[in-house]
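Colleague: Letter by letter, the chains look like this.
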Amino acid sequence: MSASVAAGALKHHFEDIEQQRGAERLGMWMFLATEILFFGGIFLAYTVYRLLYPKDFADIAGRLNVAVAGLNTFLLITSSLTMTFAIRACQMGKRSTLLLCLAVSGLLGTGFMCFKAYEYYQDYEEGLMPWRTNFGQEKVHNPDDEHAPPTTLNEQWEKKGVAPQRVRLFMTFYFVMTGIHGLHIIIGIGVIAYLWYRGYMGWLTPDRYAAVEVSSLYWHLVDAIWLFLMPLLYLAGPHHSLHF
Amino acid sequence: MSTTIEHETGAPHHAEPHAAGHVSYLKDGYSIWSWLFTVDHKRIGILYLIMLTLFFAVGGALAGLVRLNLITPSGMILENDQYNKTFTAHGVVMLFLFLIPSIPGVFGNFFVPIMVGAKDMAFPKLNIASWYVWMLGAGFAVLALLTGGLDTGWTLYPPYSTRSSHGNVVTGVFGVFITGFSSIMTGLNIIVTIHRMRAPGMTWGRLPLFCWAMYATSLIQLLATPVLAIALLLLMIESASNALGVPVGIFDPALDGDPVLFQHLFWFYSHPAVYIMILPGMGVVSELLTCFSRKNIFGYTAVAWSSVGIAIVGFLVWAHHMFVAGISYYAALLFSLLSMFVAVPSAIKVFNWVSTLYRGAISFQAPMIFGLGFIVLFTIGGLTGLYLATLGSDIHLHDTYFIVAHFHFVMVGGMVLAYLGAVHYWWPKMFGVMYSDFWSRIGAVLIITGYTLTFMPQFWLGYHGMPRRYPNYPAQFQFLNVMSTAGYTVQLAGFLLIHTYLILSFFTGKKAGPNPWAATGLEWAPTESPPITHNFDTTPRVVAGPYEYSLNLTQTGEKADVR
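Protein chains in written order, with our numbering: chain F, 1 to 244; chain U, 245 to 807.
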């Protein structure tokens, strides 16, 4: 194996390329373990409050845009598939396929972030940003009664017996969780763009496929975290209709 | 730096004096940049050593202020608010800027790759990044402490820290948050290095116990630190929301938050973090005791696996910090039981160390004095921990000086002694010079005497009800408090002495041979002290266990006592 390794692919402190690949893979798996504990901590904190305040959390979760979240789930899962194809393309030395797969993965991730930004904008419009003073004061339609004239969220919550400070708690968790996840996606897009650049310059030879492999491991994890985030936040309460 | 990256092909290379990578790591480049942009694990270890020494001095000076203030019952020099900020700064600096990165940062970096027979850590750039990230976090923490300080205690409990505290909570917490990343990077590097970089013949059963301990430590760093990160992130958000006038009650009960949840998340890290602080010390002690009693370690497998056992059980005991915080009675019972379990692997270690000493040819050089001091003081610290794990006695002793004495016996009597033992043991290998044998023995005895005198009276103080973190106390406690402060001055004298002869060793110290202690570990196998940049001229072949003192055999199969 190591006989065919191109000069420079093996770093000076490793004995052979398999040792180097093993180290890179293990290093990434260890990093993913820390990520799981990192998100695990906030999933736990969120779950505690969801169990304490199920009614308030269900009500506000029903306001989130589950249609966009569903579409985003599709985008991320698809990007994981193309990322896996990229590893194979790199191993087989098919440069154009590699570049295509990486580009599609990166673009799908970018699409995810665009839809996420659109969702954030909707939250902004509805006065659901917990760090703004207009929290709960914007007039919006009541999802339980589409034909009623729009009233402020505070009035709707009061009528339903939902505590505004608990909604604020939910929205804080929502922005922290999706925000940290979004940050991971942006880092992932950066990594994919860098891989694409290396591939474009012809530096991603089959010897160096481990770079694509460990990046894909990270990308899959970020994807998998979304698969937990999405039901935790968006499906915590009933949605009365699907809107974009 | 670029000159060290020559052997790209991995082909066997022979000793060529002064060729790239084959000069002493201290002589491989002299400019400041050759240090600041180094990727050599040994130089990174030295960078850690310099900064740790600085932070230890700062933390020690803060402790001095606390002890001085407690000489008189009404508080001698500090206002109450200043006192709060002083002990908080002492805790933050000592824990996050000294104890947690201490042995992993210096000796983990410097010696784990050499002890497994590798040229460097698995990820050299990540390694230097960890130092910079740590410096960045330390910068924020120091900034917060200098511009107003924190008055929350190092535990940062909300809602006080987020609502009422008049200190720089967000800046300080952000600093601690950042140092966590550095801790994770070091831990990740050490785990991968031990898994993947071992030389031929270095099986898990031949791995030095220091590496086993560092492995267990790194597991905790990897798996616990992220939980602290998320807890601190939420704490910062809550503090910021209060500052901005749009309060969200993540942990604030007035806004339907749960302050006990923060304590759970905080201690889920911070209890295992206690083992981040003590496990590396236990690894060091296994090296010291075998070398200076010329004995094979008693029960290698038990000592090795008890490190992993401590790491695992250590994750299951966090709520014993919260027995009086209002957790459920059944949870308290369970955590009390589990806390007693964690004493089992610790006791296994102590019994095995003592058995190692039995009928050994013991010589009382400075590293050994520190090692023996560790066993005694750690055992006292560990046994008094059982009082605190017991529900009934904890209610009496919680938040008193008893607990302060307990954890200082473990952290300071344990970890700092082990750190000093490691400094003295590996100094000749790191710098190629010997320090004064006579003065180092005096220094070790002074330190151990000072520690005992400082912290032993605090057990009495706590048992009789003196609460921790109070700036003043009833007059009948004065005698014991003065004793404790007197102990501090003895320690101070010890530290000044140690710094003096260690610095003097650079100028007047005898040149150390490759193996001045006639030790058997692989770190003494490189033919020179200090080691060359690539550690070994050729990849070593390991043929023996790490402590073959009865056969007088090094791990590469040579006679150990040829100096």
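Just so you know, these hints were derived from the structure itself, not from any lab. This structure is a prediction, so every number in the text was calculated from the model and none was measured. Just so you know, not all the hints are guaranteed correct.
Derived lysine-lysine pairs resembling BS3-like cross-links, with alpha carbons at most 27 Å apart [claimed, not checked]:
1) U:Lys-754 x F:Lys-11
2) F:Lys-159 x F:Lys-55
3) U:Lys-369 x U:Lys-271
4) F:Lys-11 x U:Lys-755
5) F:Lys-11 x F:Lys-116
6) U:Lys-271 x U:Lys-755
Far from chain F, by Cβ distances over 12 Å, these chain U residues were calculated [claimed, not checked]:
7) Tyr-376
8) Trp-398
9) Phe-425
10) Arg-440
11) Leu-478
12) Ser-680
13) Gln-722
14) Asn-779
Every residue, glycine too, gets a C-beta built ideally from N, C-alpha and C.
Colleague: Could you run down the list of hints and mark each one as holding or not?
Modeller: Hints, verified against the model:
A C-alpha spacing of about 37 Å is found between Lys-754 of chain U and Lys-11 of chain F, which places the hinted pair above 27 Å, so the restraint is violated. Of the supplied pair hints, the one linking Lys-159 of chain F and Lys-55 of chain F holds, its CA atoms being roughly 13 Å apart against a limit of 27 Å. Between Lys-369 of chain U and Lys-271 of chain U the CA atoms are separated by roughly 20 Å; this keeps the pair inside 27 Å, and the hint holds. Proposed proximity of Lys-11 of chain F and Lys-755 of chain U is contradicted: the alpha carbons are some 34 Å apart, above 27 Å.
Annotation: proposed proximity of Lys-11 of chain F to Lys-116 of chain F is violated, straight-line Cα distance about 39 Å (limit 27 Å). A distance of roughly 16 Å separates the Cα atoms of Lys-271 of chain U and Lys-755 of chain U; the hinted pair therefore holds under the 27 Å criterion. In this structure Tyr-376 of chain U is separated from chain F by more than 12 Å, as the shortest Cβ-Cβ distance comes to about 18 Å. Every Cβ of chain F is farther than 12 Å from the Cβ of Trp-398 of chain U; the closest lies at roughly 19 Å, confirming the non-interface assignment.
Its beta-carbon lying about 9 Å from the closest one in chain F, Phe-425 of chain U breaks the requirement of being farther than 12 Å from that chain. The Cβ of Arg-440 of chain U does not lie farther than 12 Å from every Cβ of chain F; its closest approach is about 4 Å, which violates its non-interface assignment. With a cut of 12 Å on Cβ distances, Leu-478 of chain U falls inside the contact zone with chain F, its closest approach being about 7 Å. Non-interface call for Ser-680 of chain U relative to chain F: holds, since the shortest CB-CB distance, roughly 36 Å, exceeds 12 Å.
For Gln-722 of chain U, the shortest C-beta to C-beta distance to chain F comes to about 44 Å, beyond the 12 Å cut-off, and the non-interface label holds. Against chain F, the non-interface label of Asn-779 of chain U is violated: not every CB pair exceeds 12 Å, the least being about 9 Å.
Checked against the numbered hints above, the structure violates hints 1, 4, 5, 9, 10, 11 and 14; every other hint is satisfied.
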